[in-house]
Amino acid sequence: MASPAPQHHHHKRPDERTHQAEADRLIAPGHDFGTVTDTISKIVLQRQTPKGWWLGFAFGFCLLQLMLYAIGNLLFVGIGTWGVTIPVGWGFDIINFVWWIGIGHAGTLISAILLLLRQEWRTSINRFAEAMTLFAVACAGFYPIFHTGRPWIAFYWLLPYPNTMGLWPNFRSPLIWDVFAVTTYATVSALFWFVGLIPDLATLRDRAKSKPWKIVYGMAALGWRGSARHWHNYETAYLLLAGLATPLVVSVHTVVSFDFATGIVPGWHATIFPPYFVAGAIYAGFAMVLTLSIPLRKFYGLEDFITMKHLENMAKVMMATGLIVGYGYMMEAFFAWYSSNTYEEFMIKNRMFGPYALSYWALILCNVVAPNLLWIKNLRTNVTVLFLMSFVVSVGMWLERFVIIVTSLSRDYLPSSWGLYAGTHVDWAAFIGTIGLFITLLFLFVRFLPAISIFEMRTLVPAAEMPEEEEK
Amino acid sequence: MSQIFHHSTNTLSRFSIFGGAFLAAGGLWLMLEITRSPYVTNAGVAKEQPVPFSHAHHVADVGIDCRYCHTSVEKSATAGIPPTRTCMNCHTQIWAQSPMLEPVRESLRTDKSIEWVKVNDLPDFVYFNHSAHVNKGVGCTTCHGRVDKMPLMWQEKSLQMEWCLDCHRAPEKYVRPKGEVFNVAWEAPKNQLEEGRKLVKEYKIRTRTSCSTCHR
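The listed protein sequences derive, respectively, from chains W and H.
So the first sequence is numbered by our numbering: it starts at 1 and just counts up by one.
So the second sequence is numbered by our numbering: it starts at 1001 and just counts up by one.
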């Protein structure tokens, strides 16, 4: 049978719990250890794959073919097939890289920081948020690797190793810091995700009907038996990994912002960039978690576990980070004026009223104006509104990176070298292709792994409360 | 419930984790070795030529100076491949009927150059100047090896960038007195670094490691 749940950490006095309003609960009443395990594991263990799954997977897989086209086109034709050229040498590749990396941050925040802060509401959303992080990092990684045009000979400036040229990458460049930040992030996220999965993989191993699946889940479970020693080691490892992942929530996007902030391009060279980028990352990430959790709970009937309380909390985090991002935009305009620097002044005027003014105002509408609707409780507890809002924020955050990168590069110091930029059809194919990769991986994840942490959910049922802990 | 795995799989799984780490490290080491091996660099591989010209014979046995054939080495970027007439200075008199030398005689008759196979072939994106090196005390053998011991010519060094930089970063390791540049038998003294430093100063050699020194 399933392994027993760890019974420390999550303790709340019963009187507190009974006073919780209905809208506040993190798990619907009437659940016990067995029903939690059954509900979540049957999504994976059911023999018949639902038709809806096939539809969604096919959709993602079709979009993924666009990525194949984009890569093929790039490798056979060359980098000129993209829209980037002088003066705009950074285009869709870095816009999409920053967009995807940012999305991943919510997963790490939910799994690491909220764990250390003992926020119980992370429990039902952390597993798929971490999966989202991993897949978003995979999508992000595509751009820096393939923007080199010939990635198989590009390793020498991506990674420091004793190459035949006797050269090391330029350690003073934030681009190499980026390589370290992102590879560390990917490694820690993958480890954290996998370690968190081990007890659930053991549950799947024990419950799987067919021998091959028993073997597959059994190998992945690394011999987990749920002994007290196992749980002790597990808890230690998980907390250590959470501690390692916590600084990454802040550091990765800080380093990404250095890619810009260390440059002397007007509109990039600002000290506010690191916090402003990190807030934007969490903002976009929570929007994506909402985009994913709303259909997931609906189609798999998981409303008992991903409750309105979860959605509302995520909406609150989203709005709060959205306001920080709005403050960032305000400060950009303020700095431009306060600096009395002609180029900075021109930059902000050009953003607001230049050739890309439409993108700028669309970004303000999506990122600054729209999220304020969430002040109203009726709206932030409305699933349809949240689902639409999550898309609005995702679009807004994409536009933000577009505006920062393209407006600054297209018109910098030398008016004789100004030029406009637009992505080509290959750029769009690559972007939509990575969305396809993301969707495909998510559907595979939901089919083969428990999308909600079974053993952590078991700690939330009333029977898991430990009476002796109250007396302390 | 019956066990899925036999007890021995515990050992197997531990072994595979550590084995995986060793395999990854070994694979990396192998890759670094292969990129520096003659399979990639061609170093040490003697090339077939239209005429089996032996540097060993002409330099060691006969004692011809490098510049007798490679006339432009002190004045220009390329050392120069001798015209057929240079061969014929001697070979109208000795070995004049040798069948081995028929391609040389044919070249003279038809006025068409012998198509030698290039042995030391730098990539086209590298600028290299023989005269700059030869006039600053870099000997022929430092790069080309002991040509007086090569029956057929081969490329002695890897010609990889780390090899160029080895000297460009610390020329005192290889530089020799100007008078010894064409001496194929010259050997570095025991106190090469000390002597080298003196020569670097005397010849005003600068450690040129800027990208555009070679990639112009």
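FYI, nobody ran anything at the bench for these hints, they're computed from the structure.
Do not take every clue at face value.
[To be verified] What follows is a set of in silico ranges between Cβ atoms, one per label pair, in the way DEER data are often shown: (1) W:Thr-164 / H:His-1007: 46 to 52 Å; (2) H:Lys-1204 / W:Pro-247: 33 to 39 Å; (3) H:Pro-1050 / W:Gly-149: 36 to 42 Å; (4) H:Leu-1028 / W:Leu-75: 21 to 27 Å.
Where a beta carbon is used, it is the ideal one built from N, C-alpha and C, also for glycine.
Range hint 21 to 27 Å (beta carbons of Leu-1028 of chain H and Leu-75 of chain W) holds or violated: 25 Å, holds
Consistency of beta-carbon spacing, Gly-149 of chain W to Pro-1050 of chain H, with hint 36 to 42 Å: Taking Cβ atoms as reference, Pro-1050 of chain H and Gly-149 of chain W lie about 39 Å apart, which means the hint holds.
Outcome for the supplied range 46 to 52 Å, where the beta carbon pair is Thr-164 of chain W and His-1007 of chain H: For His-1007 of chain H against Thr-164 of chain W, whose Cβ atoms are near 48 Å apart, the range 46 to 52 Å holds.
Distance restraint evaluation - Lys-1204 of chain H, Pro-247 of chain W, Cβ atoms, bounds 33 to 39 Å: Violated: the Cβ-Cβ distance is about 51 Å, outside 33 to 39 Å.
Going down the numbered hints, you'll see the structure goes against just number 2.
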